[in-house]
Amino acid sequence: MKRDLLKGIVLISAVALSSCSTLTDISSNKIIGDDVYYTKAKAGVSEYSVPEYVEQPQLRNDDYYYYGDYESRIRRFSYASPFDYDDDYYGDYVPYTSVSYRDTTEQYAYAPDDYTYDPYYDELGVYSAYDFGYGDYWGYDNFGYGIAYSTFVYSGGTRATHRKDYSHSNNNDGIFVRANTGNHHYGNSIFSQGINGSGAAKATVPAFTRGNTAAVGNPGFKGMRPGGSNAVYPGRPGMNSTTGQSINSVAGTNRPIRPADENPRAVRPAIERATLPSLPPSTSSSSRGSSSSSNSSGSSSGGGGSSSGGGGRPVRP
Amino acid sequence: MKFRYTFFVIAFSAISTSSFAQYAKDAVRFSTSQIGSTSRIKALGNAGTAVGGDLSSLSGNPAGLGYFTHSELSITPEFDSYGNKASYIGQPSSANQNKVNFSNAGIVFYSQLDKPAGSNRNKGWLSVNFGVGYNRTNNFYERIKYGAKNDANSITDYYADLANGQGVSDGSLQSWAFNEKLIDKYGIPSNYNYQSNAFPGVQQTGFISRTGGQSGYDIAVGANYSNKLYVGLGMGISEIRYHTNTSFNETGNLSVSENGIPVTHGFNSTYTQFQDTKGEGYNVKLGILYKIIENVRVGATITTPTYYTIDDSFNEGLNNNLSSGSQYVDGPAGYPLSYNMRTPFKFAGGLSVFMGNVGFITGDVEYIDYTTTHISSNDEYTSDYDNGIIKKHYRAAVNAHAGAEIKIIDTFFLRGGYGIQGTSLKDGTNTRMLTGGLGYHLGNYYIDAAYMNLKGSQNVTQYDIGNNTPKAAVNASNNNFFLTIGLKY
Chain A
1 MKRDLLKGIV LISAVALSSC STLTDISSNK IIGDDVYYTK AKAGVSEYSV PEYVEQPQLR
61 NDDYYYYGDY ESRIRRFSYA SPFDYDDDYY GDYVPYTSVS YRDTTEQYAY APDDYTYDPY
121 YDELGVYSAY DFGYGDYWGY DNFGYGIAYS TFVYSGGTRA THRKDYSHSN NNDGIFVRAN
181 TGNHHYGNSI FSQGINGSGA AKATVPAFTR GNTAAVGNPG FKGMRPGGSN AVYPGRPGMN
241 STTGQSINSV AGTNRPIRPA DENPRAVRPA IERATLPSLP PSTSSSSRGS SSSSNSSGSS
301 SGGGGSSSGG GGRPVRP
Chain B
1 MKFRYTFFVI AFSAISTSSF AQYAKDAVRF STSQIGSTSR IKALGNAGTA VGGDLSSLSG
61 NPAGLGYFTH SELSITPEFD SYGNKASYIG QPSSANQNKV NFSNAGIVFY SQLDKPAGSN
121 RNKGWLSVNF GVGYNRTNNF YERIKYGAKN DANSITDYYA DLANGQGVSD GSLQSWAFNE
181 KLIDKYGIPS NYNYQSNAFP GVQQTGFISR TGGQSGYDIA VGANYSNKLY VGLGMGISEI
241 RYHTNTSFNE TGNLSVSENG IPVTHGFNST YTQFQDTKGE GYNVKLGILY KIIENVRVGA
301 TITTPTYYTI DDSFNEGLNN NLSSGSQYVD GPAGYPLSYN MRTPFKFAGG LSVFMGNVGF
361 ITGDVEYIDY TTTHISSNDE YTSDYDNGII KKHYRAAVNA HAGAEIKIID TFFLRGGYGI
421 QGTSLKDGTN TRMLTGGLGY HLGNYYIDAA YMNLKGSQNV TQYDIGNNTP KAAVNASNNN
481 FFLTIGLKY
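The listed protein sequences correspond, in order, to chains A and B.
Just so we're aligned, residue 1 is where the first sequence starts under full-length UniProt numbering, counting upward by one.
Just so we're aligned, residue 1 is where the second sequence starts under full-length UniProt numbering, counting upward by one.
Wrong hints could be hidden among the right ones.
[What the hints assert, rightly or not] Within a straight-line C-alpha distance of at most 30 Å, the following computed DSS-like cross-link-like pairs (lysine-lysine) qualify:
1. A/K42 with B/K115
2. B/K407 with B/K455
3. B/K291 with A/K30
4. A/K30 with B/K115
5. B/K455 with A/K40
6. A/K42 with B/K228
7. A/K40 with B/K407
8. B/K228 with A/K40
In short, the hints are calculated from the structure, not lab data.
Taking the hints into account, I'd like the entire structure generated from these sequences.
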C-alpha cells in the first residue's frame with residue numbers, strides 16, 4: 001500500500017508538472033531536433049509588458065488626505081484610517097475598524113471565532129490527543145506514534161501493523177506467543193501474535209507458548225513461564241542465557257558418547273574461526289528458532305519454527 | 001538492462017568467498033544499483049553523465065533535462081538471458097534463465113521561460129524542464145547449480161564444527177544435525193568432541209536461485225542557463241525485492257550407533273535456506289552540465305545515500321532420510337527482522353566531445369565507497385558485527401564507462417561502449433561490460449536498440465570448514481537486449 005502511495009505521488013506529480021509545461025500540438029508535423037546534439041533553447045516572449053515605473057507626484061503633506069501628517073499616521077496605524085477618529089464623516093466606521101482590523105488582541109473580536117472553540121476540533125480529538133501524547137512521554141516513546149494515536153485514533157494500540165510487531169511474528173508452523181510484562185509496548189502489557197501474523201487475541205495474563213503440540217514427543221508448553229527469563233521448556237534442551245550452561249542437553253542425555261574408533265572419518269583438527277566482532281544479543285530468552293525432530297520409523301514431522309527476533313539470523317557462509 | 005547485471009555480478013562477488021555474512025552482504029548488494037537509462041545510453045556503456053538531452057537524465061544527471069527544447073516520452077522493455085557455468089571439485093555444470101522485464105519509462109515536459117519583449121531571449125534562464133521516470137536499477141536474477149563427489153569433507157563436518165564451537169542449543173542447526181544422526185560425540189565423557197558420522201565420499205549438489213531487483217521512481221527538474229550551463233535536481237524513490245532459495249543436498253553413508261553398535265545406513269540430507277527481503281528508500285541527486293566550448297561538455301553528479309527501510313525474512317531447515325526408513329525434518333526456523341540502512345554517497349563525473357552533427361564520444365567515472373554502507377541498530381538487532389564486516393571486507397570502487405555514437409545517415413545511428421564495474425569486495429573481481437546498439441530516428445519518433453554483455457565471476461561456498469572449504473567457481477555471462485520507443489512532441 002505504501003508502494004502504491006509512492007507510485008501515486010509520482011503519477012500525480014507527472015500530471016501536475018505537465019500542466020506547467022509548454023505543450024505543442026502532438027500531431028504537429030514540425031520536425032523536432034535531437035536534443036542530444038545542438039538544439040538550443042530560446043526563451044519565450046512574455047505576454048505582459050514590464051510595468052513601466054512612472055514617478056508619482058509627492059503626496060506627502062497633502063492637506064486633504066493628511067498622509068504625511070504625523071497625527072494622521074498614528075491614526076492610520078490605530079484606526080486604519082488617516083482621518084480623525086472623531087471625524088464626522090467617518091465616524092460610522094468605527095465599529096468596522098476596531099473589530100476587524102484595529103485591535104487584534106481583543107478577546108471580544110476573536111472570542112467567538114470557530115477556530116478556537118469550535119467543538120468540531122475537540123470531537124476530532126486531534127489537538128487533545130496530540131497534546132496527551134506529548135505530555136506523556138513514555139507513551140509516545142513506546143507506542144511509536146504516541147498514545148494519541150493509539151487511544152484516540154486507533155482506539156487501542158494493538159500495534160498489529162507496526163514493524164516491531166512484525167519482527168516477532170511467526171511465518172512458520174508452530175506458535176510463538178511473547179509476553180511483555182516489563183513494559184508497556186503493546187498497550188496492555190501483552191503481545192500476542194499468531195501464525196503468519198494472524199493476530200491472535202490478546203491474552204489477559206502473561207503467557208509463553210512454544211513448541212509444536214502436534215509433533216511427536218513434544219507436547220508443547222503453555223502457561224506461565226517457569227523460572228523467569230532464563231528458563232527453558234521443561235524437558236527440552238536449551239541454553240541458559242545467563243550462565244551459558246546447557247540445560248537438558250540433547251547431546252548429553254539422548255545418546256551416549258561413542259568411542260573414537262567408531263568415527264568413520266579421520267579426525268580433523270579444530271577449525272579456528274575468526275571472532276565475531278559483536279554478535280547481536282538476543283532480546284528474547286528463547287533460542288533462535290525452535291523445531292523438533294522425531295524419529296519414528298517411517299516418518300516424522302518437523303516442529304514449527306518460531307522466531308525470537310533475537311538479533312536476526314545466524315551467521316552462515 | 002543492465003547494469004543490473006553488472007550489479008548482479010558484483011553482488012555475486014560479494015556473496016562469494018565470504019564466510020562472513022548476515023546482513024552485511026545484503027546491505028552492500030543493495031548499494032550496487034546502477035543508473036537507469038534508455039537504450040541509447042546503455043549502448044554507450046551507460047556513460048550518460050556528460051551527454052544530456054536524453055531521458056536517461058531523469059535517473060542519471062538531472063542537469064541533462066535542461067537540454068530539452070521539447071517534451072518527450074519513451075518506454076524501454078528488456079530481455080535478459082543470463083547463464084552461469086560452475087566448476088566444483090573439477091566437475092562442470094551450468095544453469096540458465098531468461099526473463100523479460102520493464103526497464104525504463106520516462107517523460108519530460110519542456111517548460112520555456114518567458115522574457116519581456118525586447119530582451120535577449122538567448123541569455124539567462126531559458127527553460128526549466130520537469131520529468132518523471134521509472135527505472136529498473138538492479139537485477140538479482142541468478143541461477144547456479146553445482147555438484148560433485150567430495151572425498152575430502154562433508155557439510156556434516158561443518159555441523160560438527162558448529163557443535164564444538166557453539167554447543168548444541170535447542171533449535172540450532174547443529175542440534176538438528178545431531179538429532180538427525182548426522183553427527184555424534186566421539187571420545188570419552190571427560191574428553192570428547194563432535195564429529196561427522198558420514199563416511200568419506202559423499203555426493204554433493206548445490207542449487208541457488210535468486211530473483212528480484214531494484215527499481216527507482218525519479219522526479220527531476222533541469223534548467224538551462226544561456227545554453228551554456230545546465231543544472232538539475234532529482235529525487236528518487238527506490239524499491240527492493242530480493243528472494244533467494246538455496247539448497248545443498250548430500251548423499252552417502254552414515255555410521256549410526258544403534259544400541260551401542262555402529263550400523264551403516266545410506267543417507268540423503270538437504271540443508272535449505274530461504275530469504276525474502278523487501279525495502280523502500282529515497283535519495284536526492286544534484287547535477288551540473290557545462291559546455292566548455294560548443295563541442296565539449298563536462299558533467300558531474302552527487303547522489304546522496306539512499307535511506308532504506310528493509311523488511312527481511314530468513315528461514316533455514318534441515319532434513320535427513322536414512323536407508324533404514326527413518327526420516328527427520330527440522331525447521332524451517334524463521335528469523336524475521338526489520339532494519340534501516342543507508343547506501344554510500346555516489347560521485348560521478350564525465351566528459352563528452354562532439355564532432356559536429358556526425359557523432360560524439362563520451363565517458364564517465366563513478367566513485368562509491370562501499371565501506372560507508374551502514375546498517376542501523378534497533379531494539380532487536382545490533383549492527384556492530386555487520387558494520388564491522390562491511391568495513392573490513394569491502395572497499396571503495398570506481399566504475400568507468402565509455403561510449404561513442406556516430407550518425408551513419410541523418411536518421412541512422414551506430415553506437416558502442418565499454419564499462420568496468422569495480423568490485424565492492426577487497427578480494428573480488430571486476431565486472432566487464434561490452435555494449436552496442438543501433439538507432440533509427442524518423443521525424444518525431446525514434447527507436448533505439450541496445451545489446452549488453454556482462455561477464456563476472458565469483459566463488460560460492462555453501463559451508464565453511466576453514467582452509468579446506470570447497471568452493472564452486474562460477475563464471476557468469478549475461479546477455480541483455482533493450483528496445484526503446486520514443487516520441488517527441
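Verification of the hints:
Between A/K42 and B/K115 the alpha-carbon distance is near 10 Å, which keeps this suggested pair within the 30 Å criterion. The hinted pair formed by B/K407 and B/K455 meets the criterion: a straight-line CA distance of about 29 Å does not exceed 30 Å. Of the supplied pair hints, the one linking B/K291 and A/K30 holds, its CA atoms being roughly 27 Å apart against a limit of 30 Å. At most 30 Å may separate the alpha-carbon atoms for a hinted pair to count; A/K30 and B/K115 meet this at roughly 24 Å.
For the suggested pair B/K455 and A/K40, the alpha carbons sit about 40 Å apart, so the restraint of at most 30 Å is broken. Distance check on the hinted pair: A/K42 and B/K228 sit about 12 Å apart at the alpha-carbon level, within 30 Å; holds. Restraint check: the Cα-Cα separation between A/K40 and B/K407 comes to about 20 Å, which is no more than 30 Å; the hinted pair holds. For the hint linking B/K228 to A/K40, the alpha-carbon distance of about 10 Å falls within 30 Å, and the restraint holds.
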